[in-house]
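Participant: Sequence:
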Amino acid sequence: MSEQQSKKSQQLLLEIAKSIHRTSNLERIWQQTARDLGSGLGASRCVIYSYQEENQPLKVVAEYQRQAMASMLGWEVRLEECPEIGRAIATLEPVLVDTTLPQENGERYSTLIVPTAYEDRPNGAIVLYHQVHKSKLHREHCPFLWSEAEIELVQEVAKQAGSAIASATLYHQLQEARQQAQEAARLKHDFLGKISHEFRTPLNHIIGFLQLILDDMVDDSEEQREFIHEAHHSALHFLQMINDVLDFNKPKTIPLIELEFSPVNLHKLLKNIERCTFNQIESKQLTFKIIQPSNSRNICLQGNEKQLLQVMLNIVGNAIKFTDKGGITIEVETITHKVLNEDVDPPNGIEIRISDTGIGVPLEYQSRLFEPFFRVHEAYTSPYPGTGLGLSLSKKIIEGMGGEIHFYSMGEGLGSTVTVNLPLAAPCLSSKSSPEISPSLNLQSTPIAEECG
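Reminder that position 19 of the sequence shown reads as 306 in the numbering used here, one-by-one numbering, no gaps.
No lab work stands behind these hints, which were simulated from the structure alone. None of these values were measured; they are calculated from a predicted model. Note that beta-carbon positions come from the ideal geometry of N, C-alpha and C, so glycine has one too. Please note that the accuracy of each hint is not assured.
Claimed, not checked - Derived CB-CB ranges, DEER-like:
1) W362 x D385: 16 to 24 Å
2) L360 x E340: 18 to 26 Å
3) E686 x I500: 23 to 31 Å
4) H519 x E340: 54 to 62 Å
5) T706 x L360: 55 to 63 Å
Stated by the list, open to error - Simulated crosslink set (DSSO-like; lysine-lysine; CA at most 30 Å straight-line):
6) K593 x K608
7) K683 x K576
8) K305 x K295
9) K683 x K475
10) K305 x K346
11) K446 x K475
12) K571 x K612
13) K558 x K571
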């Protein structure tokens, strides 16, 4: 290489290094590297692939073209589909190869592939294409040979690019972590504000009712009994909120370890739900209907009976809480999940749908309902108490039992449906069923259940 060419190469390297180390914008780093290197070496095309993990495809994130041609931006390729790039990334060494691009009508290119890396960890590849022209005399392709100096220059640029890419990636990761920390702090602050209000409400009720009794402000024994009942109800509500917070605060692995699975009788589960929600439904004068398979007494779910009842009572409790007119419907049916490479004829799962005619949820909030502490905006839900943990805990428990839980509402004022899918217990997999509508809950004749724990 002549002294002039050497100076030109050094100048090109310096300009590229300066431009890409001045920014933390990944797109700008990729594009400036492709443009400056491609034009500086007179390449027909220069593209940059991003690389993250071995099992993920490489993607073309930047491109330079000397002349207009079909773009490669957005292309994705796996390492096994392009062994030359795979070899360059695996060895961290440049690879020279003759290639043809299908979108260029089979034109041949002398291609130089150089990986980008930081601390021996690859994060991409620079690919330079130089078109191989045909000889006018012999009508044969005249090979283009990349000089040793050009290869060394591209390697030096790749080192600078690899470092800049790693730095920008780390910067974005730190920014994301910072935003997540700020969001967590905001959620914590909001949660403490909400929970203090939610805790004070039942406590004030308890203190208020008991204070009236202690001050001998209530002479009638029936009224006194009613006040004690209200204080007891508020205490149970307060205890449930505390349990929700404590359950959610457990490490993620603990609830799954503690769950002991056993067959859960479907009919018994539905009966317990009906009994445990009787008082709430009666007090709001709502209708309650269960549609279940005719042989529900013989159907068993695979799960933890206590935790499953807790989840169902939470879901039905929410339906009651957010419903002022109309009622609640629980619809149950057996379903069949396809198993890979197997023909599954008998049902192997159960679907429980809890629908209400309540206030519904606007579409824009539904995707966040299973997030911990999330509640639809205060103007919408402020009349309704709660911590925002119920659905999050329910999701954790249901998924721990190998099931799924989903929420859907047509929108504000249009009611809601929560769907729970759970596997059947092995002995019940061959159960056949047909739906049967149970009578609507007769609030005058249905016996009040024993205490639901």
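Participant: Which constraints among the numbered hints does this structure fail? Numbers only, ascending.
Facilitator: 3, 5, 11
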